[in-house]
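Visitor: Use these hints to put chain B onto chain A, whose structure you have.
Protein sequence lines correspond, in order, to chains A and B. Using this note's numbering, read the first sequence as starting at 1 and increasing by one per residue. Using this note's numbering, read the second sequence as starting at 1 and increasing by one per residue.
Careful, some of the hints might be misleading.
[Said to hold, decoys possible] No farther apart than 16 Å at their CA atoms in a straight line, the calculated lysine to aspartate or glutamate pairs in the EDC-like style are these:
(1) A:Lys186 to A:Glu134
(2) B:Lys120 to B:Asp100
(3) B:Lys259 to B:Glu245
(4) A:Lys407 to A:Glu340
(5) A:Lys206 to B:Glu238
(6) A:Lys206 to B:Glu199
(7) A:Lys186 to B:Glu238
(8) B:Lys209 to B:Glu199
Hint data in this document are derived by calculation from the structure and do not stem from the laboratory.
Listed below, chain by chain, are the residues.
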Amino acid sequence: MKVIKNGEVIDPASAIEGAFDLLIDKDRIVGIEKRGAFDSTGNIEEIIDASGNWIIPGLIDLHVHLREPGYEWKETIQSGSEAAVLGGFTSLCCMPNTKPTNDCAEVTKFILSKGKEAELARIFPIGSVTINLEGKTMSPLSELRKAGCVAFSDDGEPVYNSGMMRRALEWASMLDATICCHEEDKHLSCGGSMNESHLSSKLGLKGWPAVAEEVMIARDIELARVTNARVHFCHVTTARGAELLRRAKNDGIKVSGEVTPHHLVMTEEAVADYDTNAKMSPPLRSQEDCDKLLEAVIDGTIDAVASDHAPHELDSKAVEFGRASFGILGLQTSLPIMLEFVRSKKISLRRAIEVLSSSAAKLLKLDVGTLKKGALADIVVLDPNKKWNFERSNNHSLSQNSPFLGKTMQGACQVVLVGGRVVVMDGMLSDRKVNR
Amino acid sequence: MIRHLLGIEYLTKDEILNHIENSKTFVEVSEREIKKVPALRGKTIINLFLEPSTRTRASFEIAGKRLSADTINISGNESSMVKGESLLDMAHTLQAMGPDVIVMRHKESGAPNLLSRYIKGCSIVNAGDGMHEHPTQALLDCLSLSQYFGKQGRSIEGLNIAIVGDIRHSRVARSNIWAHCKIGNQVNLIGPRTLLPPEINRVPELNEKVKIFDSLEQGIKGVDVVMVLRMQLERMNEHFVPSLEEYCNEYGINEKLLKRLAPESVVLHPGPINRGVELSTEVADGVRSLVKNQVTNGVAVRMAVLFSLCSGNKSEVSQ
Numbered sequence: 001m002k003v004i005k006n007g008e009v010i011d012p013a014s015a016i017e018g019a020f021d022l023l024i025d026k027d028r029i030v031g032i033e034k035r036g037a038f039d040s041t042g043n044i045e046e047i048i049d050a051s052g053n054w055i056i057p058g059l060i061d062l063h064v065h066l067r068e069p070g071y072e073w074k075e076t077i078q079s080g081s082e083a084a085v086l087g088g089f090t091s092l093c094c095m096p097n098t099k100p101t102n103d104c105a106e107v108t109k110f111i112l113s114k115g116k117e118a119e120l121a122r123i124f125p126i127g128s129v130t131i132n133l134e135g136k137t138m139s140p141l142s143e144l145r146k147a148g149c150v151a152f153s154d155d156g157e158p159v160y161n162s163g164m165m166r167r168a169l170e171w172a173s174m175l176d177a178t179i180c181c182h183e184e185d186k187h188l189s190c191g192g193s194m195n196e197s198h199l200s201s202k203l204g205l206k207g208w209p210a211v212a213e214e215v216m217i218a219r220d221i222e223l224a225r226v227t228n229a230r231v232h233f234c235h236v237t238t239a240r241g242a243e244l245l246r247r248a249k250n251d252g253i254k255v256s257g258e259v260t261p262h263h264l265v266m267t268e269e270a271v272a273d274y275d276t277n278a279k280m281s282p283p284l285r286s287q288e289d290c291d292k293l294l295e296a297v298i299d300g301t302i303d304a305v306a307s308d309h310a311p312h313e314l315d316s317k318a319v320e321f322g323r324a325s326f327g328i329l330g331l332q333t334s335l336p337i338m339l340e341f342v343r344s345k346k347i348s349l350r351r352a353i354e355v356l357s358s359s360a361a362k363l364l365k366l367d368v369g370t371l372k373k374g375a376l377a378d379i380v381v382l383d384p385n386k387k388w389n390f391e392r393s394n395n396h397s398l399s400q401n402s403p404f405l406g407k408t409m410q411g412a413c414q415v416v417l418v419g420g421r422v423v424v425m426d427g428m429l430s431d432r433k434v435n436r
Numbered sequence: 001m002i003r004h005l006l007g008i009e010y011l012t013k014d015e016i017l018n019h020i021e022n023s024k025t026f027v028e029v030s031e032r033e034i035k036k037v038p039a040l041r042g043k044t045i046i047n048l049f050l051e052p053s054t055r056t057r058a059s060f061e062i063a064g065k066r067l068s069a070d071t072i073n074i075s076g077n078e079s080s081m082v083k084g085e086s087l088l089d090m091a092h093t094l095q096a097m098g099p100d101v102i103v104m105r106h107k108e109s110g111a112p113n114l115l116s117r118y119i120k121g122c123s124i125v126n127a128g129d130g131m132h133e134h135p136t137q138a139l140l141d142c143l144s145l146s147q148y149f150g151k152q153g154r155s156i157e158g159l160n161i162a163i164v165g166d167i168r169h170s171r172v173a174r175s176n177i178w179a180h181c182k183i184g185n186q187v188n189l190i191g192p193r194t195l196l197p198p199e200i201n202r203v204p205e206l207n208e209k210v211k212i213f214d215s216l217e218q219g220i221k222g223v224d225v226v227m228v229l230r231m232q233l234e235r236m237n238e239h240f241v242p243s244l245e246e247y248c249n250e251y252g253i254n255e256k257l258l259k260r261l262a263p264e265s266v267v268l269h270p271g272p273i274n275r276g277v278e279l280s281t282e283v284a285d286g287v288r289s290l291v292k293n294q295v296t297n298g299v300a301v302r303m304a305v306l307f308s309l310c311s312g313n314k315s316e317v318s319q
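So here's chain A without its partners, still in its complex pose (with noise of 0.2 Å):
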């Protein structure tokens, strides 16, 4: 049994806050109490101490790319794991883009098995709506969702056949699956590489409008609403889209949103130069968007943050920006700009750790992002106050498309559990295979 003692901890799901310590018995945690209670307890083995720090559920980052199978050059299963327990993620749910795409039960348990293999966060793979994302055929999603895919998305793609959205919606309603939407119109979007403002227009790119998102945001909405079905937003980057997503709840429709930290901190301005690492898909936009978005963060309209992390090789990067790839990196940042939003006030700590973990726990039905007694053993302590510089050297990704590199970041996770295993311990990914 393991103790981890003289934290405070922050359990948005539980309610629970304060000075308490964990028992914690193989993979599971069996006590939760005040502090200095498990002190005299016998066949302890390991005593963690967190004085000075959080204790905070594993965290749970409901999207993103692990490139694994098909892009290994750009993420493995393995890096993005490592970085994502580093990052305070114990959880990950896995978008379907992969090659070949996971569309079928063998890609789904080829992803699980190598999730197993490395043993450090929990892989829940979200299968994909259509067959290799195309759009015209479904994919198999009894099968997909029996394999042990937790949701369906098209990430990457909007499924722009409405009847197949309708369709889709009513399997997955009968399978008490999510569908996650990427929202673009491409007719709307048109190859555009970065926000439709005045902005594209001196810089000469081709605008990817707020519209092309937000009238996909509306028709999902109205497709939710006949088919009584769950449609979750995939990275909402538009104060209206929020607006429409509040009314749709207010409705009592079954809809829900996440937005990344990146659409959170950065604007379109981030482009200034062609920066590629400031082109992603939907792109970053405005500061009243963002502003928006932060308010829906906190009022509840927004259920998650989830990072979109999206590993890519230098060579797709540094390329002419309508070019380069889509995306990047957020695995190992996401939790120190959010903590960044609570040292100024913008957020509740309990919100922000909620919007990190429960939240998504909760939208997918997963058992995990709760410190209560009898849960997984998913647990962070997190030195709130550290910083650290966010370098190539301590980068666990492949790739290094990240426009934080180089910037220095305070909040470092010091230990991290996962099913009770030490997997990251004083800030390090503890002993076992590592990719460097």
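Guide: Chain B only, in chain A's frame:
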């Protein structure tokens, strides 16, 4: 210190006006019998044209040669870009041969900016990047106006400019908008809503000098210069205009329209012209058109730019 010419956006008003003045020296060189000066002897200029071009390419080549530089031309479809070589790899390869200047035309906006970040020891000249900028075009347009209005005792400062056509997709328009706004001129942008760059009048640095018109008649009132842009035929397939006829009827520049302008006002076109679409043949070839002057001036302007970049701070030509 290595300098580049990536766009008019990055120049000051004085730099623009100096470029125009310096170009006048080189206009004279092109009128001699032996059109050569030894100014850039021993310098190497690589013209990397990764997009089709007639005028600009020939113009840069002639400019380099008249300055006695060693110029070589590389065009996209004859280079290893066809084999999938990346722009940066190509540029590094060229850089290793020690050029003094790389002049590049590229279909992606920001490509010269990318090059200037990664390539050291070599000046980069933007000969047109995507929809972004075509700085030497704007400079030669300004030179043409300076010469023409100079004959009437008027300066290029204080002119009213109208730009008509597919401004949305035009790097020539953007460079000219920057040039005239920095000079302090009023710029009217005329075209269908679909062909205007989104929120262009909200670009903070444009100083509210830009006015938008979707009516040609309204937009040309009181202007001294009508800059006509090529209607790119590809736009038909992308729903920007219903048809060329529709475009021509609403925005075509012809003799009848010219009558509405002051007799001293002129028409510019960067070429190539779609005769009968955005510009009628009569006007294109008529006395109010500065098209041929533009082309001639292109060589002089490019000579001035190359000279300025290669001679560095020592020259009396300010950058």
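Visitor: Hint by hint, work out which the structure violates, then give me just those numbers in ascending order.
Guide: 3
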